[in-house]
Amino acid sequence: MNYFKDGLIWLNDPLNWTNPGGLFDRLQEHLVITFWAVLLGCAIGLPLGIWLGHRGRGGGAVITVANLTRAVPTLALLTILPLTPIGFGKLPVILALAVFAVPPLLANAYTGLRSVDPETKDAAIGMGLSGGQLLRRVELPLAVPYLAGGLRTAAVQVVATATLATFVNGGGLGQIITAGFGLGINVGGDQIVAGGIAVVLLALLVEAVFAGVERLVTPRPLRTVRRRRVARPVTST
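Just so you know, we're using UniProt numbering here: the sequence shown kicks off at 1 and counts up by one.
The set of hints was computed from the structure by calculation and includes no laboratory data. All C-beta atoms, glycine included, are put in the ideal place defined by N, C-alpha and C. A few of these clues could be false.
Unchecked claim - Ranges between beta-carbon positions, derived for each pair:
hint, residue 1, residue 2, range
1, L75, V144, 32 to 42 Å
2, P219, G59, 23 to 33 Å
3, L91, R220, 37 to 47 Å
4, L129, N19, 51 to 61 Å
5, F4, A211, 24 to 34 Å
6, G132, D25, 42 to 52 Å
7, V32, T178, 13 to 23 Å
8, W17, R137, 47 to 57 Å
9, A208, N186, 29 to 39 Å
10, I86, P47, 16 to 26 Å
11, D25, A211, 20 to 30 Å
12, R55, G21, 41 to 51 Å
13, N19, P47, 41 to 51 Å
14, V213, G59, 23 to 33 Å
Using the sequences provided together with the hints, build the complete structure.
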């Protein structure tokens, strides 16, 4: 039995998209969860990383926080939070996913601010810029590629991890997969594969969109220019 082929057939059925609890509904839930989790992660990780990077302190703390949050099992955190007064639903899922969105945002913000050439900052200070003006006019514009890269990484990670929200009744595309397992592999195998394909395609789409955004917001002089390979001339002997 070709489950991949059956999964594509399942995705090609309009009723599987439009029925209540179908792909359109689950996709909307998935995107809502991702949006709020990434937004919350940005509200925590970006200001903290920018502040620490601007002051030039806390590098060890940034690394420690990033490593600790990565070490926490995603499913464990998703399981623990609903057992608190927060309860089940989308809120504990958003909070748990925000925890995993913070490390790339925090680390990239800090790295971006610290990567600014000290001579450039000294020149700006010599021109009379205050600390706040230095941050707004010099450091943040030069750190844009790092900030955008952190946002891109966080968004893709959250989109992929949000699939686990189904285990705590949080909705999302994971519901399609678990519903297929509920039917049994012989009956619901096509639905399981279809749900997996949907998650992969969504993650790739988010990656492509944020890669484009990252390129757009990065000033042209800061973009990485691929060096063209120049063929060596052949000399006769």
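Can the suggested window of 13 to 23 Å be confirmed for the beta-carbon pair V32 and T178?
Distance hint for V32, T178 holds at roughly 19 Å.
When you take the CB atoms of N19 and P47, is the distance between them in 41 to 51 Å?
Given about 43 Å between the Cβ atoms, the range holds.
Range agreement (Cβ of N19 with Cβ of L129, hint 51 to 61 Å)
holds (59 Å)
Could you see if the CB distance from R55 to G21 stays within 41 to 51 Å?
holds (49 Å)
L91 and R220, beta-carbon distance inside 37 to 47 Å?
holds (42 Å)
Do the beta carbons of L75 and V144 sit within 32 to 42 Å of each other?
holds (34 Å)
Return holds or violated for the Cβ distance of G132 and D25 against the range 42 to 52 Å.
holds (46 Å)
So the hint says 29 to 39 Å: do the beta-carbon atoms of A208 and N186 match that?
holds (35 Å)
Using the Cβ atoms, figure out if F4 sits within 24 to 34 Å of A211.
Since F4 and A211 have Cβ atoms about 27 Å apart, the given range 24 to 34 Å holds.
Quick one: are I86 and P47 within 16 to 26 Å, going by C-beta?
holds (24 Å)
Could you see if the CB distance from D25 to A211 stays within 20 to 30 Å?
holds (28 Å)
Range hint 23 to 33 Å: satisfied by the CB atoms of V213 and G59?
Taking Cβ atoms as reference, V213 and G59 lie about 27 Å apart, which means the hint holds.
Consistency with the previously given hints is maintained throughout, with no hint failing.
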